[in-house]
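K.L.:
Use the sequences and the hints to build the structure in full.
Sequences listed follow chains A and B, in order.
If you're matching positions, the first sequence starts at 1 in the UniProt record's numbering and goes up one per residue.
If you're matching positions, the second sequence starts at 1 in the UniProt record's numbering and goes up one per residue.
Keep in mind that the hints are not guaranteed to be accurate.
Any copy will do: because identical chains look the same in the list, a pair fits if it lies in one copy or spans two.
Using 20 Å as the maximum straight-line C-alpha spacing, the simulated EDC-like pairs for lysine to aspartate or glutamate come out as follows [to be verified]: (1) K282 - D144; (2) K442 - D407; (3) K282 - D35; (4) K413 - D456; (5) K413 - D144; (6) K442 - D406; (7) K284 - D144; (8) K284 - D307; (9) K282 - E250; (10) K413 - D515; (11) K442 - D401; (12) K234 - D425; (13) K413 - D401; (14) K472 - D515; (15) K442 - E545.
Hints were generated in silico from the structure; no laboratory data involved.
2 protein chains.
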Amino acid sequence: MESNTPAPRQWDTRRRDKARRMAAASHLADGPVLDSERIVEALQLLLASGDRVVLEGNNQKQADFLARALVQVDPDRVNHLHMIMPSVSLPEHLDLFERGVASKLDFAYAGAQSLRISQFLQEGQLQVGALHTYIELYARLYVDLTPNVVMVAGYKADRQGNLYTGPSTEDTPALVEAAAFRDGIVIAQVNEIVDDPKDLPRVDIPGAWIDYVVRSDKPFYIEPLFTRDPRLIKPVHILMAMMAIRGVYERHQVQSLNHGIGFNTAAIELLLPTYGERLGLKGKICRNWTLNPHPTLIPAIESGWVDSVHCFGAELGMERYTAARPDVFFIGRDGSMRSNRALCQLAGQYAVDLFIGSTLQMDGLGNSSTVTHGRLTGFGGAPNMGHDPHGRRHPTPAWLDLVQTDDPLARGKKLVVQMVETFQDGSQPTIVESLDAVDVGKASGMPLAPVMIYGDDVTHVLTEEGIAYLYKAQSLEERKAMLAAVAGVTPIGLRHDPAQTARMRAQGLIALPEDIGVRRADATRSLLAAKSIAELVDWSGGLYEPPAKFRSW
Amino acid sequence: MESNTPAPRQWDTRRRDKARRMAAASHLADGPVLDSERIVEALQLLLASGDRVVLEGNNQKQADFLARALVQVDPDRVNHLHMIMPSVSLPEHLDLFERGVASKLDFAYAGAQSLRISQFLQEGQLQVGALHTYIELYARLYVDLTPNVVMVAGYKADRQGNLYTGPSTEDTPALVEAAAFRDGIVIAQVNEIVDDPKDLPRVDIPGAWIDYVVRSDKPFYIEPLFTRDPRLIKPVHILMAMMAIRGVYERHQVQSLNHGIGFNTAAIELLLPTYGERLGLKGKICRNWTLNPHPTLIPAIESGWVDSVHCFGAELGMERYTAARPDVFFIGRDGSMRSNRALCQLAGQYAVDLFIGSTLQMDGLGNSSTVTHGRLTGFGGAPNMGHDPHGRRHPTPAWLDLVQTDDPLARGKKLVVQMVETFQDGSQPTIVESLDAVDVGKASGMPLAPVMIYGDDVTHVLTEEGIAYLYKAQSLEERKAMLAAVAGVTPIGLRHDPAQTARMRAQGLIALPEDIGVRRADATRSLLAAKSIAELVDWSGGLYEPPAKFRSW
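P.N.:
Now the structure itself:
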């Protein structure tokens with residue numbers, strides 16, 4: 001043994017620090033139950049300047065009571081917080097930076113706040129650590145971003161801190177575990193605290209992992225992010241959905257899949273019981289799903305297309321419907337759904353045949369991003385769902401169908417389909433020479449341009465013009481030509497040499513609608529299994545209860 | 001709305017089926033507590049032929065009592081089970097197939113049973129679904145392999161089914177959740193059932209997720225898989241470890257990392273407090289770890305090298321040591337460690353700079369496998385840890401250091417280092433013309449050769465001859481030449497043109513030990529911070545309690 005015996009070291013500094021903070025706040029709590037009225041005071045005692053703080057901001061569920069309280073702490077006492085948030089969704093999330101409480105942000109997704117993040121970044125009011133994917137952000141909580149404090153939301157808790165997150169479990173377990181097992185402080189806001197543990201429908205997170213529960217002044221905010229009103233589905237969406245079903249799903253025998261948000265994919269969901277049924281595809285494709293409980297999936301479920309759906313999160317209004325379909329959804333013994341974003345992301349990454357999604361911009365090589373000038377959106381789960389995991393994977397018929405060589409070490413591919421109209425509303429081309437993201441990255445001094453999905457991961461590009469089977473490209477040049485051939489009259493599309501089209505069609509590198517038996521004239525709204533939210537409610541037998549903003553009756 | 005209203009359908013067939021089975025076994029249980037003496041009878045009532053059954057089989061922890069019971073069920077009553085097992089470790093796991101109870105196997109890793117699996121496969125006694133990675137296997141439990149029954153192991157449970165898995169949490173939460181929330185039956189064997197819930201150290205899995213607990217006849221078996229006796233570390237391991245520290249860790253400023261099992265990586269761990277310290281690298285490299293609590297990491301921890309360690313599982317004998325180092329390890333409020341293989345795999349995949357591991361065979365392109373003729377091992381977590389996740393990732397200095405172009409969309413790479421001696425013991429070359437795995441795959445009719453790590457994911461190959469910086473290769477030919485240059489006198493190495501060596505050294509494509517300041521003569525065992533298990537115990541202040549087979553005193 002070497003003689004340089006180390007100096008005595010204290011090995012429980014985190015534990016002591018936590019105990020010190022909790023002792024300071026002990027007069028504000030009864031067991032783990034914090035006094036709601038004095039939450040700001042409590043946070044001032046439980047947080048220290050420079051802390052790494054996870055604030056749940058998810059895609060749907062928001063720990064909004066805690067966010068509003070955190071904004072009110074005295075920035076002279078608590079400042080330079082390093083916020084770690086899956087989703088930056090509420091104004092309060094950025095008010096923290098304006099008020100000088102927080103200074104650094106690591107996040108995965110920003111919807112409504114994307115303009116303001118971009119502005120704060122330019123003004124130097126906020127420093128961005130990195131734009132993560134969801135599972136990457138969770139992963140870092142266990143490596144180099146272990147949090148000091150984690151603030152989450154649940155429906156109910158008992159007085160021992162046992163937490164019921166119900167259908168909206170989402171990111172909560174992955175966030176809580178990182179602090180609960182490394183002497184961080186876990187605070188959960190809940191809509192209700194029950195006296196008797198038996199009054200909890202079930203325990204989603206054990207009380208031993210939660211330090212404090214606090215009753216919020218009103219139920220946590222939840223965003224119905226995945227509800228698409230069928231009335232807004234246009235014929236072009238239907239055309240593209242028909243092409244997806246024939247030219248991708250049927251062709252490759254896609255069994256398991258993830259759909260992103262969007263009217264294109266909503267159209268696919270609504271065509272399965274009509275167009276898909278007529279093609280005799282029921283039971284042959286689209287059986288196992290990883291996605292939120294999209295209301296537009298109801299007709300396919302009711303028609304017997306869907307074996308299973310595992311969900312990232314809940315969807316507002318779908319609670320009773322999912323609970324009544326336990327063969328399909330993941331439901332607890334208490335009868336309510338359980339979601340889990342970390343596991344569903346894993347499932348979408350490693351267990352499915354196909355991801356299909358959309359984007360705001362794509363370049364001629366298929367690189368895409370939703371970051372455009374002035375909008376720093378982040379990408380949430382898209383980069384993970386929308387990439388072909390390298391390394392080893394189990395084969396499925398669809399995955400194997402993309403093998404292009406007879407090399408004994410050849411691998412298949414996960415199908416990564418980008419489904420884009422060539423132009424956005426307002427006549428902005430979707431397919432562009434260079435992504436805005438490249439400029440944004442440079443201007444913001446990012447070491448890495450904020451690309452969402454890299455072109456080399458994209459196997460299919462589907463536009464209203466046709467499908468480019470990019471996985472068949474033998475060279476970068478051919479790849480470009482294939483994409484250009486379906487890029488319409490965008491700058492990239494105009495570069496296309498029409499003489500090549502016939503050759504590429506003949507070789508199966510691209511397909512126009514007629515090549516896959518899709519008639520443009522058939523693409524009408526009459527094909528939709530439901531044409532309105534009201535019809536979705538009908539399909540569900542009244543179990544789907546859409547939020548007010550989606551009701552027209 | 002379409003007129004083809006679906007026929008009435010029952011939506012809770014799984015729930016009814018579960019209730020029926022549980023009613024049939026109700027006389028064998030007191031609440032969730034199953035009668036240990038009648039476990040075989042209970043399994044015969046709770047399982048049905050053709051069920052998908054998860055049997056925990058992990059890397060370390062084994063639900064061995066349940067495995068022994070399952071082997072005893074009457075194959076006329078229960079047969080054709082489809083077993084899903086992270087790790088096939090015990091003879092009983094394969095006896096199931098010999099006895100005709102099970103017929104299909106999906107798994108991720110097989111250590112001691114790899115020869116027998118191979119034999120059973122050839123004899124048609126067993127059908128393999130696929131060789132998965134761990135997280136891929138968990139993922140499929142939520143998509144197309146949802147289990148009917150899940151059998152796991154824990155230390156303690158109370159009479160409400162609350163489960164304490166303690167330091168050996170491993171795969172359990174990911175396995176249980178898939179059944180608990182889809183009307184599967186969850187059975188946990190435990191070493192002890194406590195009457196008062198307060199006597200559980202903590203709850204790792206809530207009782208509402210567990211249907212049955214049963215006291216095992218003896219404590220569950222746990223394999224000390226990650227203990228490497230420093231006495232078996234040879235000078236060549238030390239040489240290679242020095243090269244790794246200088247030529248990879250120092251060069252790329254590796255902060256966060258995963259080490260595989262092996263004497264090479266154990267040597268690295270034991271050189272940090274000596275060789276690493278003299279190089280002034282403490283605090284600059286190797287701060288955040290994702291790995292099991294390797295005893296050989298104790299000297300580095302005690303010397304202050306290590307900020308954090310998140311663990312896949314526990315390591316036998318390390319319980320008291322990890323509990324006494326809560327600043328470093330993930331420890332619950334009760335004072336014992338929590339591991340979590342799913343989260344640690346994610347962390348190792350997305351949050352670390354580097355994976356370094358070894359293999360039994362590697363071909364001239366860097367493809368590798370531990371499957372050789374007659375041995376179907378599976379690969380556990382290696383293919384996930386040992387690949388560069390595509391899609392978006394946060395940048396770190398090490399990751400960015402591997403960018404090779406000034407393309408604005410250029411990405412860095414996770415460092416995937418293969419550290420192999422050119423020959424195995426017994427003079428079998430490690431670096432070969434063609435992997436045995438290719439033949440094995442063909443002979444077994446697998447759609448995919450059982451490759452562990454694909455060459456295109458490998459950034460560095462490190463042998464006793466030198467380091468090939470494969471990420472710098474501009475072509476496949478150059479890649480081959482670089483690998484051949486460090487392949488010694490293997491068939492691949494002999495193909496190497498020595499005239500190229502000087503050029504490749506000058507260009508920094510390869511490095512010999514002297515190029516990175518490593519003197520072969522310095523590579524002696526005197527550099528090891530601990531030279532025996534006894535010295536590891538000393539470093540730990542007596543907290544490490546090695547299993548008997550590692551004690552020589």
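K.L.:
So, for every hint listed, does it hold in this structure?
P.N.:
Checked hints:
| no. | hint | result |
| --- | --- | --- |
| 1 | K282 - D144 | between (47 Å within a copy, 17 Å between copies) |
| 2 | K442 - D407 | between (40 Å within a copy, 12 Å between copies) |
| 3 | K282 - D35 | neither (54 Å within a copy, 45 Å between copies) |
| 4 | K413 - D456 | both (11 Å within a copy, 15 Å between copies) |
| 5 | K413 - D144 | between (32 Å within a copy, 18 Å between copies) |
| 6 | K442 - D406 | between (42 Å within a copy, 13 Å between copies) |
| 7 | K284 - D144 | between (44 Å within a copy, 14 Å between copies) |
| 8 | K284 - D307 | within (11 Å within a copy, 51 Å between copies) |
| 9 | K282 - E250 | within (10 Å within a copy, 57 Å between copies) |
| 10 | K413 - D515 | neither (24 Å within a copy, 40 Å between copies) |
| 11 | K442 - D401 | between (39 Å within a copy, 18 Å between copies) |
| 12 | K234 - D425 | within (13 Å within a copy, 67 Å between copies) |
| 13 | K413 - D401 | within (8 Å within a copy, 28 Å between copies) |
| 14 | K472 - D515 | within (17 Å within a copy, 43 Å between copies) |
| 15 | K442 - E545 | neither (46 Å within a copy, 54 Å between copies) |
The structure does not agree with the numbered hints 3, 10, 15 stated previously, though it agrees with the rest.
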